[in-house]
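Top line first, the protein sequences correspond to chains A and B. In terms of my numbering, the first sequence opens at residue 1 and continues consecutively. In terms of my numbering, the second sequence opens at residue 1 and continues consecutively.
What the hints contain is simulated information worked out from the structure, not anything from laboratory work. You may find that some hints are simply not true.
[Unchecked claim] Simulated pairs of lysine-lysine, DSBU-like, Cα-Cα distance not exceeding 35 Å:
id, chain 1, residue 1, chain 2, residue 2
1, B, 279, A, 132
2, A, 130, A, 119
3, A, 20, A, 238
4, B, 116, A, 20
5, A, 113, A, 130
6, A, 130, B, 279
7, A, 132, A, 119
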Amino acid sequence: MATLQLHNITKRFGDTEVIKGIDLEVNDREFVVFVGPSGCGKSTLMRMIAGLESATDGDILIDGQRINDVGPADRGLAMVFQSYALYPHMTVEGNMGFSMRLAGVPKEERRAKVLEAAKILQLEPLLDRKPKALSGGQRQRVAIGRAIVRNPSIFLFDEPLSNLDAALRVQMRIELARLHDELDATMIYVTHDQIEAMTMADKIVVLHDGVVEQVGSPMALYHHPCNRFVAGFIGSPKMNFLQVTMTGVTPDGVAIRLPGGGERSVPVDGQHLAPNAALELGVRPEHLVLDEQGPLSGQIKVLERLGGQTSLYVQMDDELITIMADGDVAYRVNDTVHFGFAPERAHLFDTDGLALPSLEQHPLAGLTRQDNRAPGSPSEEPA
Amino acid sequence: MANVIRRQTPAARLFRGLLYGVLILAALFYILPLVVMLMTSVKPLSEISAGSLLSLPQNPTLTPWTKAWGEACTGMRCEGVGGYFWNSFAIVIPAVLISTTIGALNGYALTKWRFKGSELVFALMLFGCFIPFQVVLLPMAQTLGWLGISSSRAGLILVHVVFGIAFTTLFFRNFYVGIPNELVSAAKLDGAGFFRIFWRILLPVSAPIIVVSVIWQFTQIWNDFLFGVAFSAHNTQPVTVALNNLVNTSTGVREYNVDMAAAMIAALPTLVVYVLAGKYFVRGLTAGSVKG
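Next up, chain A with everything else stripped away, as it sits in the complex (with noise of 0.2 Å):
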């Protein structure tokens, strides 16, 4: 239905440069995530493709035309916002139908197309309410609905679940995912959250400080972060950092010198890196291995059991490690633990913060959401 592209887009209030020059393309029929902590530009980005705020500089373009100057309602887009935006003297009905009553679209025609996409939301019995006697995830849905009727191009979701509870949340991530497969739009997405960003994208954007970091798949922005900031913006719980000192490098990866002592080679480019670089180690924490011959080791200060897992906050030196084990470790708190990790999960990251090249691409680096579904099966997927 439609591609956007970006370029060089820059924003600018008085002073302050909010998004630094950022280019990007968006695919037809993606589903794209903006990810990024608050603050970084992801929201007045969104805003910017809306229409609502003008870029300072830069392009933006649907299907190759430049629409800067064009005005929100004509740009074919539709947009949910955090707090819903209903209008809350209208009822349901009246909500989603106000673009088509503004154009001027027949009653009778404006009705047809509310109880459509009432029906794909099972709106249906509220479409007489008005906002005020509707739940949270009802509200989202007539959010989501009132986008619907307006049949854009591309959706715009701007934090659409941050409101819900945390199971809500779950449900309307999964029945997004499945409107996405049903509408075959493009779909722009922002969110602090990234396990929204995971659980949905076909491709992440992850922004931090008006730039873009890195965009690529989950399962890419997972296993090969670009930069120290991704890998520990990816990823739950936070990934572990670790200062090593670089003892050589090898056609099959640098060899490092970790800090009890021990030694690995992890199969990462350092080709370029002068001899004896202070480098930094990241091993995420389900990738941390309990072994009593593991390199590795510290007391456990705290000690979370989840059932299924465990999490494990273990004190070494100055750093709270954290290491996702079983759920059945009989572990207490003060134990001392040792641990290691696979040299092939680990990561390296330079004095600039940037990760050294790894010498193998994960097999499911290249995965979208889209790839998930079997082959051959249309948009079927559990509601």
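Given the coordinates of chain A, work out where chain B should sit on it, guided by the hints.
Frame of chain A, contents of chain B only:
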């Protein structure tokens, strides 16, 4: 806990009794002027000069009211305050409507269409709330002269509108600040422009603050005396000015009952407005935001 509250010691009961006693006394004290006015306005003149201020009327009569309305002398004329009563309405209604409308538009523009310096504009408008009336009398007279509407009803309406905008803008601005901007963003994406968003989205949720603005403006303008006496000709004077003239016109005996009746007539509309819409007034002043 309920037990503890119910079983009062005699001292606590005494204190409670005293508390109510003081409150009732205070309430009586505040209502007394109104009671005296009402009683005096239905007493014949003979009873006023004979009895005390607080004695109940022996032979109640409505003659003072009809006289105040239609016959009492206000200066050279003796036509009562009735005509001026309608004069006041002819000034107040357009002035209230215009100033409220402009205030609503101002508040809307200042909150939902922020522009460079919009905060400064608002601060300057706020300044208008603190300008004493007397200061602007001469420049205003000059301006009305230039506009060719001095001593006319239109001139007086203009003065009240200009003075009222500061307050109505303040009311609406503070109300609209509490309405989520995303509502306006959503309407923009739905294809509505400046006035359509105002008319279709903002105005329908503004009822509480409209009531506040109308009550406030109505009371202010109705009770105004200074502008009324300074900027109106004889036939367009508001009822406050007529009341003053009536009380100050001395032809022989001072008719307190007629004075009181005229004062009651002049005060009635603001009382009625407050009684009818008072609860919305409080609700509107305390309304923070509109929840979706």
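Evaluated hints:
1. This hinted pair checks out: residue 279/B and residue 132/A have alpha carbons roughly 22 Å apart, not beyond 35 Å.
2. Restraint check for residue 130/A and residue 119/A: satisfied, since their Cα atoms lie roughly 18 Å apart, inside the 35 Å limit.
3. Proposed proximity of residue 20/A and residue 238/A is supported: the alpha carbons are some 27 Å apart, at most 35 Å.
4. Between residue 116/B and residue 20/A, the direct Cα distance comes to roughly 22 Å. Compliance with the 35 Å bound is thereby established for this hinted pair.
5. Restraint check for residue 113/A and residue 130/A: satisfied, since their Cα atoms lie roughly 19 Å apart, inside the 35 Å limit.
6. Distance check on the hinted pair: residue 130/A and residue 279/B sit about 24 Å apart at the alpha-carbon level, within 35 Å; holds.
7. For a cut-off of 35 Å, the pair hint linking residue 132/A to residue 119/A stands: about 21 Å separates their Cα positions.
Of the numbered hints stated above, none is contradicted by the structure.
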